[in-house]
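There are 10 protein chains.
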Amino acid sequence: MDRATVTQKIITAKVKQGLRWADIAQEVGQSKEWTTAALLGQMKLTAEQAAVAKRLFGLDDEETAWLQIVPYKGSLPTAVPTDPLIYRFYELVSVYGLTFKELISEEFGDGIMSAIDFSMDLTREPHANGDRVSIVMSGKFLPYKSY
Amino acid sequence: MDRATVTQKIITAKVKQGLRWADIAQEVGQSKEWTTAALLGQMKLTAEQAAVAKRLFGLDDEETAWLQIVPYKGSLPTAVPTDPLIYRFYELVSVYGLTFKELISEEFGDGIMSAIDFSMDLTREPHANGDRVSIVMSGKFLPYKSY
Amino acid sequence: MDRATVTQKIITAKVKQGLRWADIAQEVGQSKEWTTAALLGQMKLTAEQAAVAKRLFGLDDEETAWLQIVPYKGSLPTAVPTDPLIYRFYELVSVYGLTFKELISEEFGDGIMSAIDFSMDLTREPHANGDRVSIVMSGKFLPYKSY
Amino acid sequence: MDRATVTQKIITAKVKQGLRWADIAQEVGQSKEWTTAALLGQMKLTAEQAAVAKRLFGLDDEETAWLQIVPYKGSLPTAVPTDPLIYRFYELVSVYGLTFKELISEEFGDGIMSAIDFSMDLTREPHANGDRVSIVMSGKFLPYKSY
Amino acid sequence: MDRATVTQKIITAKVKQGLRWADIAQEVGQSKEWTTAALLGQMKLTAEQAAVAKRLFGLDDEETAWLQIVPYKGSLPTAVPTDPLIYRFYELVSVYGLTFKELISEEFGDGIMSAIDFSMDLTREPHANGDRVSIVMSGKFLPYKSY
Amino acid sequence: MDRATVTQKIITAKVKQGLRWADIAQEVGQSKEWTTAALLGQMKLTAEQAAVAKRLFGLDDEETAWLQIVPYKGSLPTAVPTDPLIYRFYELVSVYGLTFKELISEEFGDGIMSAIDFSMDLTREPHANGDRVSIVMSGKFLPYKSY
Amino acid sequence: MDRATVTQKIITAKVKQGLRWADIAQEVGQSKEWTTAALLGQMKLTAEQAAVAKRLFGLDDEETAWLQIVPYKGSLPTAVPTDPLIYRFYELVSVYGLTFKELISEEFGDGIMSAIDFSMDLTREPHANGDRVSIVMSGKFLPYKSY
Amino acid sequence: MDRATVTQKIITAKVKQGLRWADIAQEVGQSKEWTTAALLGQMKLTAEQAAVAKRLFGLDDEETAWLQIVPYKGSLPTAVPTDPLIYRFYELVSVYGLTFKELISEEFGDGIMSAIDFSMDLTREPHANGDRVSIVMSGKFLPYKSY
Amino acid sequence: MDRATVTQKIITAKVKQGLRWADIAQEVGQSKEWTTAALLGQMKLTAEQAAVAKRLFGLDDEETAWLQIVPYKGSLPTAVPTDPLIYRFYELVSVYGLTFKELISEEFGDGIMSAIDFSMDLTREPHANGDRVSIVMSGKFLPYKSY
Amino acid sequence: MDRATVTQKIITAKVKQGLRWADIAQEVGQSKEWTTAALLGQMKLTAEQAAVAKRLFGLDDEETAWLQIVPYKGSLPTAVPTDPLIYRFYELVSVYGLTFKELISEEFGDGIMSAIDFSMDLTREPHANGDRVSIVMSGKFLPYKSY
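Chains as they are written, first to last, in our numbering: chain R, 1 to 147; chain L, 1001 to 1147; chain X, 2001 to 2147; chain D, 3001 to 3147; chain A, 4001 to 4147; chain U, 5001 to 5147; chain P, 6001 to 6147; chain B, 7001 to 7147; chain Y, 8001 to 8147; chain V, 9001 to 9147.
Isolated chain R, as found in the complex (with noise of 0.2 Å):
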C-alpha cells in the first residue's frame, strides 16, 4: 500500500458517491484549492482532517494512517502535460516564463515567488461573451543574498 493506492480510493468513492470537492472542502474545513490537491496525494493531512476523510471516503485506519505522512509530490504523468486543460498552464509558463522573471525581478530584485508559502484561489468571473476563469496566486517574494 502506498499514498497512490489511498488517492485512487478516494477518487473512485467521490465518484461513486458524486461528492463535490467544494462540499468535502467544507467539510474538512480548508479552501477548496487546498483540500483538492491534498486529497489527490499533494499534501499531509492533520489528523482531524483525515478523520473527515476517513468518513468521507469510508477509509480504514492504515488508509488514514497514510493521509498524515508528506506524500511524494507531483501530480501528472509526463514532464509535458497531455491533457489539454493541464497543458493550457504548461504553455503560459512556456510563452509567458521570462516574463514573470523579467517583472517579479524588475519589482523585486533577484529572487523567487514562493510555490511553498503560497495560496491560491480560482473561481467562476461571469461575462457576457462567455463565462471566464479567474485565479488569484500569492505567493511570498523570497530574495537570494549574498554571503
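Calculated from the structure, these hints are not laboratory results.
Misleading hints may appear alongside valid ones.
As the list claims (entries may be wrong) - With a Cα cut of at most 30 Å, we get these calculated DSSO-like pairs of lysine-lysine:
#1 A:K4009 to A:K4054
#2 R:K14 to L:K1140
#3 L:K1014 to L:K1054
#4 Y:K8009 to B:K7014
Claimed, not checked - Listed next, with one range per pair, are the computed distances between beta-carbon atoms:
#5 R:P126 to P:P6143: 30 to 38 Å
#6 U:D5131 to X:E2106: 31 to 39 Å
#7 A:E4125 to U:L5019: 31 to 39 Å
#8 D:L3019 to P:Q6008: 52 to 60 Å
#9 U:A5013 to Y:P8077: 44 to 52 Å
#10 U:T5123 to V:G9130: 29 to 37 Å
What the hints assert, rightly or not - Short, incomplete list of chain B residues facing chain L, as computed with Cβ under 10 Å:
#11 V7080
#12 T7082
#13 D7083
#14 P7084
#15 Y7087
#16 R7088
#17 E7091
#18 S7094
#19 V7095
A virtual CB, placed ideally from N, CA and C, is assigned to each residue, including glycine.
We have chain R already, so just place chains L, X, D, A, U, P, B, Y and V on it with the hints.
Relative to chain R, chains L, X, D, A, U, P, B, Y and V alone:
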C-alpha cells in the same frame, strides 16, 4: 535575421539604457505583462506599437518589420525550465495540475481555460512577514461540445 | 477503478460483439468522430449517452458513473507515436507545422485554431487510383489580444 | 550553405517586401499550401518554380539550385512543438489519435492515410460566433497486404 | 484483454510446443516474414488465418477475435532499441539514413519508399568466412506531388 | 575544421556542379552506396579515393586529409528521424524489429547480423503499379558464444 | 550580447591571469561560494561588486551592466550532468533523495529546505587516509500550510 | 520478490506502527541518515542489522535475506525529480554545479568528492527567522592521476 | 510468462539458497562472467546448461524452455543507469569514449571491437592501498570495408 | 575561448601533421590512453606536459594555459552514443551492467569500482581468426560504509 535577433537586440538596448518594463509599457500603451511578453518575442505588435519600440531601442526598418510578424512562440530553452523562478511555476503545474483540472471541471464541465483569450496582472502585495507576489489570471472557459 | 479500466472494458466488449463505431454512434446520437473519441476515454458523456453505453457494453453503475466524469485526456502511450497510421498525422504536424502557422497567421493574424471548439468529419473519398481518406476539420479562430 | 540558409533568406525577403503567401503561390502556379511548405524548405521545386522564387526573393544561382534539391524535411525545432498554434495540431493527434485509427481501420481495414500522396486546403469559414479555420485533408489510403 | 495479451499467449505457447515460425507460416499460408510480424501483434489476420492460429496456439474465441482487429503497431519497448540484434538495424538507419535519402532521391526524385506497400525476404546466405544474413526489401516509391 | 565541415563543402560543391552520386561512385571506384555514405562523412577513404574527391569537389590538402581519418559516425540530427523518407526505415525497425530478431534467431541462433561486415545494394525495380525501391542487405552473422 | 558572453569573458580572463576564486572573493567582499556562483552567471551583483569585477577582468561598461541584471539560472549543459565531479552530487540526490525527504519531513513536517534562503561553505578537511571535501549547507525550512 | 517489495513492506509497517527513523536508527545502531537510506533500499545491511529490521517490521526470512543483498540503487522515479523538497537539491546541483567544480578543483586539483566514502549529518538549526535545515557532507577527495 | 519472469525466479531462488555466481558457474561449466549474464536473462542456454539451472533453482519445464530461447537483451531500466557501480562504467564510456575510438582507429583502422565475439574476465587484484577490480576484455576487431 | 576550442585545434593540428597518439604519448611521457584522453579535453595537464603539447601543436600561451585547467568532462555529443565503435561499449554496459554489479558485489561487497583511481591498457591481440582488441581496466574498489 529572425525575431530572436530582434529580441536579443531589444534586451541589450534595455540593459544599456537601464530602462524598466513598466515604463516601456507606458510608452507602448499596453499592460506591462503584455508589453514584456511582446518585446520578448511572444506577440505580434501593431505598426504603432512597433514604431514605439523602434524609437526606444534604436531598431532599423527591417527589425521593426519583424515585430509585426506573428512569431514562433515559446520563451524557454528546455522543456523543464532550469531557472528557479520559472521552475516554481512549472512546479505549480506539476503539483496542482490535477487540482486545476478537478476544480475547473467541477465548476464548468469538460473544457479548458483559454491561454489565448487570456490576461494577467502581476503586482506586489505588501505583507508583514515579507512582501508577496500576486498574480491574477483570467482566461475564457471554452467547453468541449459533442457534434 | 479509473476511466482507463472502463475504456478497456468497452473495447473488449466491442471486439467480442463485433460492433462498429458508426453503429454505436447512431445509438449514442452523435457523430462517429465524437462518439469514438468519447468511448476511447477522451470526452465526458451526458447521463443519456452514458446510459446507452451501459446498455451496449454491459457496464455496471460505477463504470457508467466514470463515463460522466471529465477524463484526463491523451490517448497515446508515447510522445512520438509508433503506430504508422497515427504517426502519419504526427508527420503532417512536423512537415506542415510552420505552413499551418504561416497561412493561418496570414489570413487571421496572431492566434490559434481552437482544438476545443472544434469538429471533424472523416469520410471515404472514392478515387480511380485508390480510395482516399478525407478529413474536414473546423475550429474556431481565437485571436491573441493585447490588454 | 544549405537549404536552411536559403529558407532563412526567403523569409527575411518576404518580411522586408511585405509579400503574402497567397500572392507568391499565384506566381509559382501552385496552391498556397504547397507553395508555403516548399518555400519553408519542405519540398523540392522544379526549375520553373525555382526561377520564380529567384526573381521574387533575389536569390543567386547557388541558392536557386538548392531549391531543386530534395530537402531533409521536418519544420519544427522540438519533438513536442512549443508554439501554441502548432501545438493545437499536436494536441489533436494526442487526443484524437486513436479515434483516427479506429475510424480509418473500420472504414478501410489495416493500413494508413498517406502523408505523401496528400493534399490540403486551408480556408476561412465565416461564422456568427467568430470565424473558423477550415482544413480539408485528402490522403490516399494505403493497405497493408500479406505476402 | 488486449492484443498484447494474445501476443504474449502465442509466444508462450510457441515456446512450450517448440514450434518454428517457418512451419507456422506454412500453416498460415503466408511468408514467414509477414506471419511472424502478424503473430507478434503487428498485423491484422483474416478469419482463416486467425482460425489457424486458434488451432495452433489453443486460443479461445475472444483471443481469436482480437487477431482480426487492426492492432496498435510498434514492437519495441524503447525509442532506441537495447537488444544488440535489433540495434544493428537502428544503427543502419543512423549511419546510412542520409545515404538512403540521397540515393532514392537521385533515382526517383522527392518521395519515400513505402513501409506499407512493402515486402521483405530474409534468408541465410552461405559463405566461406561465415554465413551471412541476406535481407531483400521491396517498397513502392511514393512521390510527393505539388497541387 | 572537422569532418562535418568537409561534408558540408562536398554537398555544396555537388549541388553547384549538378553531380550525381552514381557518377561520383564510378570515379571513386566503389559502389554508389558506400561512396555516398563515405562522402557524407560516415566512412574513412583511402588516399586514392580521397584524391578523387579532392579533384571532384575542389578540396584543399587539409580537407583531403580529413577524409582519410576515421569519422565519428551517425548521420541524423535526432534519435527519431523527422524526414519522412528516413523515418520509414525507422518505422520498419519499430514494426518489424522483433520479427527480424525472431527469424534470425530461428535460422542462426543467438547472435546478430553485422552492421560492419555489411554491404547493400539499392536499385529501382520497375513495376506496373508504380516502380519500387529494392534494397538488398547482406551482413555476416556473428554468434554469441559461451566462454 | 548576453550574460553567457560575459561569463565566458570572465573565465577566459581568470585563466589568462591565473587568478584564484578565493582571492577574487576577497576583493568582492563575499564568500568564495557566492562569488564563484555569481561570476559564473548565477547571481545578480550589486554596483559595487560589479565594479570590482570590471576592474579585475577588464570588462567594458555594457558587460558590467549585464552583471547587475538578474540572470537566467542553470549552469549545466545537460539534465543529467556528464562531468564526474558534478555527477557525484547528482548521484547523491538520486541515492539519498528519499532519505533527505524522510528525515526533513520527520523533523519539520511537510515543506522544503529553501534553495534560495540558503548558504554553503566548502572546505578541505585534512584526514590521514586522504583529505576530505566538507560541505556545510544551511537552508531555511519552509512549511506547506493549509489555507 | 525483489528489494523494492521489501522496501514497500517496511514503509507500510513504519506508517502503521507510527515509528520514527531516528528511533529505528537507534535500534539498528547506525546514524539516522545511513539507516534511512538502507531501509529505503539503497544499502546492504549486515546480518545483525537485518535481524533488527526483521523484528521491527515483521519481515519473514526471505525478506530478511534480501536486505543483505547489494541493491540496485537509485531512489527516484524520474531523472528530474518532481517532488519539491527533492527538486531543491537537484536545483542546487543545477545552479551551483560549476561552483562545486571550480572550488574543489581550485583547492584539490583534478578529481572528485567521493559519493561512496561519504557521510552526512542532517540537523535542525534553530533560527529567529524560522528554523533552518543544516546538512554537513563529508566525502573523500579522489584525484585523477596520470599513468 | 516471459524470460523476465524466469530471471526473477532465479534471483529469488539464489537469494533464498545463498548461492554464489562463481559456484553456479562451476556447475554450469562456463565462466562466471558468461554464466551470470546468461542467468540474468542476457544469453541463450543450451539444453544441458538449462538442465543445470532447472536443478539448481527448482524451475519447471516451461521455465526451462524459456532459458533456451534467444532473449530480448538489455539489463538496465534506464538509458543512463542510476546505480553508482554501473554508472561508473557508463562514465568510462562518456569520458573515454573518444579515446577508445582514437586508439582503436589508430591501431586497426576504421571498424569496431565486437561486443558479440567478445569475452571478459573479472578478478580481484590485491593492492596495498586497497584491492582493485581488474577487468580484461577481449573482442574481435571488425573492419569496415568498401564494396 | 574554452577548452573545446583548444581540443579542436589540437585535433586539426594532429590531422594536418599526420601524428600518431602513441608517438605523442611518448613525448608527453605518459601512457597513450591517458595522453589521448587528456588531449581530447578530459584531463588536466601539468605545466611540463602542456609545454610538450604547445610545441607539438603550435599552441599559443593562452591555449597552453587552458590545458592546465580542470576541464568539464564528457566527450560525447549524445547520452546514447551514435558512433558504432563507441556504441559497442555502451552496449556492454547495457547487456553486462547487472553482471558487473553481481560479480563485483559477490567478490567485494557493496561498493563500486573507481572510475577515477583507474587505469587502462589497450592493445592488439594477434589471433588466427582475426586480431582482437584487448582492454585491461584496473580500478580501485571503494566500499560503502555505514556510519
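Going down the list of hints, with the structure as the test:
Restraint check for A:K4009 and A:K4054: satisfied, since their Cα atoms lie roughly 11 Å apart, inside the 30 Å limit. Taking the CA atoms of R:K14 and L:K1140, the gap is near 28 Å; set against the 30 Å cutoff, the hint holds. Between the alpha carbons of L:K1014 and L:K1054 the distance comes to roughly 12 Å, so the proposed pair stays at or under 30 Å and holds. For the suggested pair Y:K8009 and B:K7014, the alpha carbons sit about 28 Å apart, so the restraint of at most 30 Å is met.
For the pair R:P126 and P:P6143, the supplied restraint of 30 to 38 Å holds, since their beta-carbon distance comes to about 36 Å. Between U:D5131 and X:E2106 the Cβ separation comes to about 38 Å, which falls inside the hinted range of 31 to 39 Å. For A:E4125 paired with U:L5019, a C-beta distance near 33 Å keeps the hint of 31 to 39 Å intact. For the pair D:L3019 and P:Q6008, the supplied restraint of 52 to 60 Å is violated, since their beta-carbon distance comes to about 39 Å.
Taken as a hint, the range 44 to 52 Å holds for the pair U:A5013 and Y:P8077, whose Cβ atoms sit roughly 47 Å apart. Taking the beta carbon of each, U:T5123 and V:G9130 are about 31 Å apart, inside 29 to 37 Å as hinted. With its C-beta approaching chain L no nearer than about 5 Å, B:V7080 sits inside the 10 Å limit, and its interface hint holds. The interface hint given for B:T7082 holds, since its Cβ lies 5 Å from the closest Cβ of chain L, which is under the 10 Å cut-off.
With 10 Å as the threshold, the beta carbon of B:D7083 comes within range of chain L, its nearest partner Cβ sitting at about 9 Å, so the hint holds. Contact between B:P7084 and chain L, as hinted, is supported at the beta carbon level, the nearest pair being about 6 Å apart and thus within 10 Å. About 7 Å separates the beta-carbon of B:Y7087 from the nearest beta-carbon of chain L, less than 10 Å, and the hint is met. Interface hint at B:R7088: satisfied, since its Cβ lies 9 Å from the closest Cβ of chain L, which is below the 10 Å cut-off.
The closest approach between the C-beta of B:E7091 and any C-beta of chain L is roughly 6 Å, which is under the 10 Å cut-off, so the hint is satisfied. Checking B:S7094 against chain L: minimum C-beta separation of about 5 Å stays under 10 Å; hint holds. Because the beta carbon of B:V7095 sits about 7 Å from the nearest beta carbon in chain L, less than 10 Å, this interface hint is met.
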